[in-house]
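Chains Z and C are the protein sequences, given in the same order. Residues in the first sequence are numbered consecutively from 1, following this note's numbering. Residues in the second sequence are numbered consecutively from 1, following this note's numbering.
Among the clues, some could well be false.
[Claimed, not checked] Per label pair, the in silico range of CB-to-CB distance:
(1) Z:Leu64 <-> C:Ala148: 46 to 52 Å
(2) Z:Phe2 <-> C:Gly439: 45 to 51 Å
(3) C:Asp110 <-> Z:Glu38: 46 to 52 Å
(4) Z:Arg28 <-> C:Asp270: 26 to 32 Å
(5) Z:Phe46 <-> C:Asn224: 22 to 28 Å
(6) Z:Asn30 <-> C:Gln118: 53 to 59 Å
(7) Z:Phe2 <-> C:Ala6: 42 to 48 Å
(8) Z:Phe92 <-> C:His473: 44 to 50 Å
Please keep in mind that the hints were generated in silico from the structure rather than gathered at the bench. Every residue gets a Cβ at the ideal spot worked out from N, C-alpha and C, and that includes glycine.
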Amino acid sequence: MFSVTISALCYSILDELEAPSGPIDYTRRNNVVRFALEQHARMPDFLRGPVTVVAILFSLHGFLKMGVPYHRHSPAARRVHLLSWKVSRFGFKRDFVRLFESLSRFGWFSYAG
Amino acid sequence: MQADHAARVVIIGSGPGGAITAALLAEAGVEVALLENGPNLPLNSCPPFSLLEMTQKYRNGGLTPALGRQKIAYVEGCCVGGGSEINSGLYHPAPPEVLERWRTEYQLADASEREMQQHFSACEHDLSVSLMPSPGPAAGEKLQKGAAALGWKALEVPRWFKYSPSPAQPNHFRAERQSMTKTFIPRFLSAGGRLFPETRALKIFQKSGRWTVRALAADGQEKNFVSEFLWLCCGATQTPALLRRSGITKNIGNTLQLHPTVKVVARFPDVVNSRESGVPPHQVKQFAPRLSFGCSISSLPYLALTLIDAPVRAEELPELYSRMAIYYAMITTSTTGSVRPVPGFHDPHVRYTLRHDDLHELADGLRKLCELLLAAGAETIYPSLVGGPIVQSADDLQGIPAALDPARTNLMTIHLFSSCPMGENNNVCAADSFGRVHGVSNLYINDASLLCSAPGVNPQGSVMAFARRNTLHFLSDFRK
């Protein structure tokens, strides 16, 4: 659940970063997803568990809204859900999106070739 | 308790403090074992400031926040050589007024400017501290240009770099950072010292006058390293965490200090950035020690990260990149935080909350930095604030709030220290004037934790000079 949620989340963020024209660069995107998951494994151990829990909440919240978990949303629905967490009044929601936005941006431009 | 390894001295941590301690002791004929949590990699195992470096050499992959009412991202090295393997190599000795304050407030003995001079000079020599042999990167020149236009004091900060002429390009120089793996670690090994990389100290304890370090070794086995003397050089967060985890708590981890820093991206009409730029060594010190301004690494990934809240389309970045550079405003504050081990976990909890006057200072620093960059010819400045203003003229500076909102400001630091201050003032100091932990025999600290307070400048020069001084003092007693 955690890995597929993070993968879908990173793909949604990368939709904003990749130029709309041209084919999707799956290799580069998958490198970014791998980097984000590896960074989660490296983060301080007392934070790793809470981030995992919030990722599952993120997906379950998507399930409550759409009837399917986040990674099975359409790209447009994913964007809406992501945005609702990004501007949420709850700091933990904003921080969660922020963490993976930062990792995705850094990874995307690092794997630029 | 069975010893897997025994030595006269065990040192934990091979960063700037630990590496110089280990080299000087080994060269004096002392049997030394040096333990390092991270891997043993050559300086050029990865490009500087790259994703690969972050994953190879940063503690927790660089995802280390100080938590409080705001989050401050910090980074620490976790490899043989520690922070010296990943930093920009800028060198400052501790300012005389800082040394004087440490003498009066912390009763730090034998550390006047005159007494410290020999140690700073020796470190400068050993690390080849020098100025650039040719004009620096354009982003640094912009900072100097802005300072000149405003009549502010700017300088090129010397670095621990060796420069050699490039055979391919006339008037170009090849720069090689003199990190610990280039300097003191080879000296330590040549003198017969034993290095144990990927060995994580779990706990220390003293029994029958001897110290034991229980450590998780590279092979996944727990090992006991036994010694007569133990030196902790794990840095400002790991040293207090290890001490507290081992039951040694008096004045340990209560007074962590750092240099809070806020960044901006400036866009210029002309080219200021390239893949070869590195970190320009120019700083503006007009308002030092209260405020300092300087240049950061401005590679494309870091630009993208710093522009996360700016209305710049990502696909435009590769084109705009050469005209953009990252700058910072750094404040010096006496605000303190804490370092605490978390039961059941290895990584410590670092807590730090900025005071309201710090947020005023940061806002003032941000405003002055924008003013400086406008004077340097920047056409657009993007402060790293959520929903913050875009600065294109002096009028736009009014959009920067009087005090930064901690929830909307992206703060970071690369300088942490003072979590176990040294001195004879027993009310606040964890160690004596030469790093020996108060009330505990044969246990020493020799890293950034010892610095009594924020020096207001890059701390590695001070860390190394004090580490040298403390080690020579130990050796003079040891020989007796």
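Hints, one by one, checked against the model:
1. Taking the beta carbon of each, leucine 64 of chain Z and alanine 148 of chain C are about 60 Å apart, not inside 46 to 52 Å as hinted.
2. One distance hint, 45 to 51 Å for the beta-carbon pair phenylalanine 2 of chain Z and glycine 439 of chain C, holds here, with the actual separation near 46 Å.
3. In this structure the hint that aspartate 110 of chain C and glutamate 38 of chain Z lie 46 to 52 Å apart at CB holds, the actual value being about 47 Å.
4. The hinted window of 26 to 32 Å between arginine 28 of chain Z and aspartate 270 of chain C holds, with their beta carbons roughly 31 Å apart.
5. Checking the proposed 22 to 28 Å range against phenylalanine 46 of chain Z and asparagine 224 of chain C shows it holds: the Cβ atoms sit about 26 Å from each other.
6. Checked against the given bound of 53 to 59 Å, the beta carbons of asparagine 30 of chain Z and glutamine 118 of chain C, roughly 55 Å apart, stay inside it.
7. One distance hint, 42 to 48 Å for the beta-carbon pair phenylalanine 2 of chain Z and alanine 6 of chain C, holds here, with the actual separation near 44 Å.
8. Roughly 48 Å separates the CB atoms of phenylalanine 92 of chain Z and histidine 473 of chain C, a value that falls within the hinted 44 to 50 Å.
Hint check: a violation occurs at hint 1 only; the rest are consistent with the structure.
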